[in-house]
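Engineer: Sequence:
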Amino acid sequence: MKHMEVVGVRVEMPSNQPIVLLKESDGERYLPIWIGAVEATAIALAQQGVAPARPLTHDLFRDVLEALDASLSTVNITSLSDGIFYAELVFSNGIEVSARPSDSIALALRTGTPIYAHDDVVDEAGVPIPDEQEDEVEKFREFLDQITPEDFGRTT
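According to my numbering, the stretch in the sequence shown is residues 1 to 156, in order.
Hint data in this document are derived by calculation from the structure and do not stem from the laboratory. Just so it is clear, the structure is predicted and the values come from calculations on it, not from any experiment. Don't take each hint at face value.
[Claimed, not checked] Computed Cβ-Cβ distance ranges for the label pairs, DEER-style: (1) Glu28 - Leu60: 16 to 24 Å; (2) Glu66 - Ala44: 16 to 24 Å; (3) His118 - Asn93: 20 to 28 Å; (4) Ala67 - Asn16: 31 to 39 Å; (5) His3 - Arg100: 14 to 22 Å; (6) Asp120 - Val97: 31 to 39 Å.
Glycine included, C-beta positions come from ideal geometry on N, C-alpha and C.
Make a model of the complete structure from these sequences and hints.
Structural biologist: Structure follows, in structure tokens:
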């Protein structure tokens, strides 16, 4: 099992399909998982520390766990089959529950639970991005965030 960190949520162009991007804690491989828009929002809000006015489903789940004096031990991305990722929630009492990775990640972020991926999943779907290439990608993202159409000096 590989310990994974949530890098963030991105939108793949041109399909406008959100993905959550996980990265090996001790490696250079990234695991992109396509998710729904609602789950992408839930993950992004948790990463930003934004508390909605009313609890989202993942907030409710976290609150129910606390009320029942239960805890989530780990989130495991267990397999990949026909392009679909599968995950399990592992609770402190040893019970494992099958779940979508997007919901699992959103809940893990809210509870501070570690996320792991089976070696086979990372070997099959992991994308290596060397650190120097990652730095270049980040610089380009920062450039795109700051540029405006006027910067291109269009003349007609």
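Engineer: Now look at each hint and say whether the structure bears it out.
Structural biologist: The hints, checked one at a time:
| no. | hint | in the structure |
| --- | --- | --- |
| 1 | Glu28 - Leu60: 16 to 24 Å | violated, 36 Å |
| 2 | Glu66 - Ala44: 16 to 24 Å | holds, 23 Å |
| 3 | His118 - Asn93: 20 to 28 Å | holds, 22 Å |
| 4 | Ala67 - Asn16: 31 to 39 Å | holds, 37 Å |
| 5 | His3 - Arg100: 14 to 22 Å | holds, 20 Å |
| 6 | Asp120 - Val97: 31 to 39 Å | violated, 21 Å |
The structure is inconsistent with the numbered hints 1 and 6, although it conforms to all the rest.
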